[in-house]
Amino acid sequence: MKALDKLEKHLKERLSELSKEKEKGHKIIGYAAGGYLPEELVLACGAIPLCFIQAGNNSILRRSGAYICRWFDPFWRSQIGFITSGKDPYYNIVDLIVVPITDNHVRAFSNTVGYYTPGKELFVFGVPHVKDKLALDYYLQGINRLKKTLENFTGVEMTDSRLQESIGLCNRERELFREISIMRKSGNHMVNSKDFVALNHGSFLADKEFMIDILESYIQEVQDSSMLPKDGPRILLTGSTLARGDSKVLDIIEDCGGIIVMEEFAEGIRPYWGRVRVEGDLMSNLAESYFMDRICPGWFRPGTERLDFLVNLVKEYHIKGLVWYQLIYRESYKVESYFFPDMLRKETGMNMLTLESEYDAMETGPMKTRIETYIETMRR
Amino acid sequence: MSNYYDGLLKLCGFEDAEIENERPRIESSFEKLGIVPADMERANSWVRQNHDVSLEGVRKLLGAWLQELIDLVLSKEEGKKIVYFGFPAILGPGLMLSASSEDVFVSAPDMVLDHTMGQIFNKLTPILESGEANGLPPGHALCSLWQAKIGGIASGMIPVPDLALASSYFCDMGSKADDLVAAQYEIPVAYIDGVMDSKWGEFPEYLPERVHYLGGQINQALEKAEKVLGIKIAPDAWERSQKESRGFVDNLLKLLELMKSDPVPISVVELELLEALSGSSTGRGIREGTKAMSILVEELEERVKAGTGITEKRAPRVMMAAGHCSDPRVTHLIEEAGLAVPLTMVLSWIGGPKIEPKGDYDTPGEKMANYELAAANFHGTDASIKLFEWGSKVMKLDGVIAHYLYNCRPAATTSHAQKKYLEEKTGLPVLALEIDNFDSRSYSADSMRTKVETFAELVKARKRTGYKSLT
Chain F
1 MKALDKLEKH LKERLSELSK EKEKGHKIIG YAAGGYLPEE LVLACGAIPL
51 CFIQAGNNSI LRRSGAYICR WFDPFWRSQI GFITSGKDPY YNIVDLIVVP
101 ITDNHVRAFS NTVGYYTPGK ELFVFGVPHV KDKLALDYYL QGINRLKKTL
151 ENFTGVEMTD SRLQESIGLC NRERELFREI SIMRKSGNHM VNSKDFVALN
201 HGSFLADKEF MIDILESYIQ EVQDSSMLPK DGPRILLTGS TLARGDSKVL
251 DIIEDCGGII VMEEFAEGIR PYWGRVRVEG DLMSNLAESY FMDRICPGWF
301 RPGTERLDFL VNLVKEYHIK GLVWYQLIYR ESYKVESYFF PDMLRKETGM
351 NMLTLESEYD AMETGPMKTR IETYIETMRR
Chain S
1 MSNYYDGLLK LCGFEDAEIE NERPRIESSF EKLGIVPADM ERANSWVRQN
51 HDVSLEGVRK LLGAWLQELI DLVLSKEEGK KIVYFGFPAI LGPGLMLSAS
101 SEDVFVSAPD MVLDHTMGQI FNKLTPILES GEANGLPPGH ALCSLWQAKI
151 GGIASGMIPV PDLALASSYF CDMGSKADDL VAAQYEIPVA YIDGVMDSKW
201 GEFPEYLPER VHYLGGQINQ ALEKAEKVLG IKIAPDAWER SQKESRGFVD
251 NLLKLLELMK SDPVPISVVE LELLEALSGS STGRGIREGT KAMSILVEEL
301 EERVKAGTGI TEKRAPRVMM AAGHCSDPRV THLIEEAGLA VPLTMVLSWI
351 GGPKIEPKGD YDTPGEKMAN YELAAANFHG TDASIKLFEW GSKVMKLDGV
401 IAHYLYNCRP AATTSHAQKK YLEEKTGLPV LALEIDNFDS RSYSADSMRT
451 KVETFAELVK ARKRTGYKSL T
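If you read the sequences in order, they're chains F and S.
Heads up: the first sequence begins at 1 in my numbering, then just goes up one per residue.
Heads up: the second sequence begins at 1 in my numbering, then just goes up one per residue.
Since the hints were made in silico from the structure, they are not lab data.
Positions of the beta carbon are idealized from the N, C-alpha and C atoms, including for glycine.
Check each hint, because a few of them may be wrong.
What the hints assert, rightly or not - Quick list of in silico lysine-lysine cross-link-like pairs, BS3-like style, CA-CA up to 30 Å: (1) S:K393 / F:K131; (2) S:K227 / F:K133; (3) S:K224 / F:K120; (4) S:K224 / S:K76; (5) S:K291 / S:K123; (6) F:K148 / S:K199; (7) S:K123 / F:K147; (8) F:K27 / S:K199; (9) S:K199 / F:K147.
Said to hold, decoys possible - To give an idea of the chain S side of the interface with chain F (calculated C-beta under 8 Å), a few residues: (10) G34; (11) H140; (12) M173; (13) K176; (14) D179; (15) A182; (16) A183; (17) V195; (18) G216; (19) H332; (20) E336; (21) N407.
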């Protein structure tokens, strides 16, 4: 795919491009994964958003052991390893780190930034765990504080017209991701899951307008291609986090002949199903879309909205197998993985496969055996 | 007519007449709990080995826990509407529900099981195993307190509640486990949500938005409880519950004053019985516990006057996060190593320096939220660590055992930072100790002995060589 090649080239040059932007006076705003930071706010004040999404390498976890005990999700321990070691250049280039605090794993990361790297500018705001009017108001207050902080930090007033423009840009990006994702409802398997994931991960780092061009080109390429039906069970892959650099489970499923046609992750996949309204109170619209309309992650309570969504995806995308890929010690997903299989079986008659990772190479063998067996049972 | 359990109950502060009056309830509850004559010898020796039963106040405290257990186990068949809340909890909502209807039983059942089936009968393991088999498997650092709750329900020892009050303002695990109970037993859950989104160093400041949100969530949960339980919360429930808990707080403050003495007059194992009861019971347990405290205060005043205590005079003084909830041997280990423990972080919530709540709020929920945020309880990681810093001044400490619960994420966030912070701020030696405060199968006293004893020697040596503690 030419679009993906272009994206790869862009990302290779991205750091030096960002350095040049910094020299021109543009601020770079790094933020913690999870999809609760409206990038629109960063873009509207002329700054550049960067999401910290790298993980998958066990060695960085050892580094985090000097700052936090091991009983936290390895993705967030990876972030602690990166921020304290300076081994991820994206962490080194940002001017401000924004952490929307969702659960205690993210809080551990926020504490580390606050305590161990006091030289880094940090802004935190909380994301409630329930969906109601009070929670929506609280989230809105958080992003309003963020808006003020960004305005002060960049010296740019976030006017409605600037915000409308950035919402338009982000809406376009979401729309394109949605379009690509929906293509997978049919038997056209030109949209490879690894490509879709690469586009997602790229979008967290790439220039927004460039990314939109890439997505448009990608769609055009897919539409111009001939149908390539494949003989393999259609898989829904879900979990808390699919990091850039954590491709093990994708590789194994593909190697075993499974076809991933949907990924549902709270961290690592951009929430692309919603659209922010551009009429009326824009901040309220952002809160409505990012908090209320978005399908909640597993640490919301109750988690039934997401579980119902998974069941719907299974039906809509003609899924034959569901792989629940959780990171060890992320307790919300672990607990749900106990009672969701019954719900799934009742609604769809399907069994699911639960996998767990700590980004350890030693996991590959057992993981492969389990995936092969699962796919084998689906083929019968 | 006496029965096999009379001796144990007397050891736990029950009077003869009380046993006679309670006998049918005792037998019915023991049957559900699987407590049989063969358990008595072990329980008797376990209680004597681990508790200072020469003190009537301690015996009565153990009795208060047993009374809470009996009430819990029989609550359903006695026609009560049952509410379980997650520990640690903002106790106000539970107290208000209790104060509003005699037909409502509100408790933290996991803590009750830990303190009775663990601390008195030494029979907690099968309950934990049942929890592991019913949704919270071992090996994933899942909360062992919740394993006890799920295990207790799954094994039929404690009833399925009519409503769960989820402490969604503290841990993620608890509320998600409430989802598990809801999925398995189809019970309603009232989530009291909050977000610990303090920036590092923000405490003691906090935003009014946090008070509004947490307070509003408490108010909503109370409204839901009214609907589910079919009760009306009395207009004066908040004031009454405050008044009723005043006796407990006053007694606790007196006890903490006594703990400033050298030597400390009582083991922190017994203080743990108190601190935990105040966070677990809203009914008979806490009422009887308050009476037991009055007796205990008098007994300890005598000890202080006589200059006696549980460690040698001038024993180094350390603070820890909390005593062990189910296996006192873990807590005793510290005292056996020659260290006095005058304060825990949990007790410092009540006995520590007071931060005045900011602003005036009208609703019960906001009042509670404002108090809790000012008191550091549910504020954030640096607030918890600062409680140790203050405690070190109040109790003239020589060291800190900053243990953290490996399977409690909010507590484990302190794992490394608290040692560094406290050593830098107080100049005291700090032992960061990983622990499971509710289950000693993997984190036993023996597994920690080498670390604790070595640390104790270090602290003693520092004290001998004239190092000055903070004043």
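Cross-check of the supplied hints:
Restraint check: the Cα-Cα separation between K393 of chain S and K131 of chain F comes to about 43 Å, which exceeds 30 Å; the hinted pair is violated. Among the hinted pairs, K227 of chain S with K133 of chain F is consistent with the structure: their alpha-carbon atoms are about 19 Å apart, no more than 30 Å. For a cut-off of 30 Å, the pair hint linking K224 of chain S to K120 of chain F is broken: about 43 Å separates their Cα positions. Between K224 of chain S and K76 of chain S the alpha-carbon distance is near 20 Å, which keeps this suggested pair within the 30 Å criterion.
Proximity of K291 of chain S to K123 of chain S is assessed by CA-CA distance (about 27 Å); at most 30 Å being required, the pair is judged to hold. With a C-alpha separation of about 17 Å, the suggested pairing of K148 of chain F with K199 of chain S holds against the 30 Å cut-off. Our distance criterion of 30 Å between C-alpha atoms is broken by K123 of chain S and K147 of chain F, whose separation comes to about 55 Å. Our distance criterion of 30 Å between C-alpha atoms is met by K27 of chain F and K199 of chain S, whose separation comes to about 21 Å.
Under the criterion of a C-alpha separation no larger than 30 Å, the hint pairing K199 of chain S with K147 of chain F is consistent with the structure, at around 17 Å. The interface hint given for G34 of chain S is violated, since its Cβ lies 25 Å from the closest Cβ of chain F, which is over the 8 Å cut-off. For H140 of chain S, the suggested interface contact is upheld, since its CB lies about 5 Å from the closest CB of chain F, less than 8 Å. Interface hint at M173 of chain S: satisfied, since its Cβ lies 4 Å from the closest Cβ of chain F, which is below the 8 Å cut-off.
With a least beta-carbon distance of about 4 Å to chain F, the hint placing K176 of chain S at the interface is held under the 8 Å criterion. For the restraint placing D179 of chain S at the interface with chain F, the shortest Cβ-Cβ distance is roughly 5 Å, inside the 8 Å limit, so the hint holds. The criterion of a C-beta within 8 Å of any C-beta in chain F is met by A182 of chain S, whose closest approach is roughly 7 Å, and the hint holds. Taking 8 Å as the C-beta cut-off, the interface hint given for A183 of chain S holds, the closest approach to chain F being about 4 Å.
Interface hint status for V195 of chain S: upheld, as the beta-carbon distance to the closest one in chain F is roughly 3 Å, under 8 Å. Against a cut-off of 8 Å between C-beta atoms, the interface hint on G216 of chain S holds, since the closest Cβ of chain F lies about 4 Å away. Nearest Cβ of chain F to the Cβ of H332 of chain S: about 25 Å, over the 8 Å cut. The hint is violated. The beta carbon of E336 of chain S is not positioned within 8 Å of any beta carbon in chain F (closest approach about 26 Å), and the interface hint is therefore violated.
A distance limit of 8 Å between C-beta atoms decides the matter here; for N407 of chain S the minimum to chain F is near 7 Å, and the interface restraint holds.
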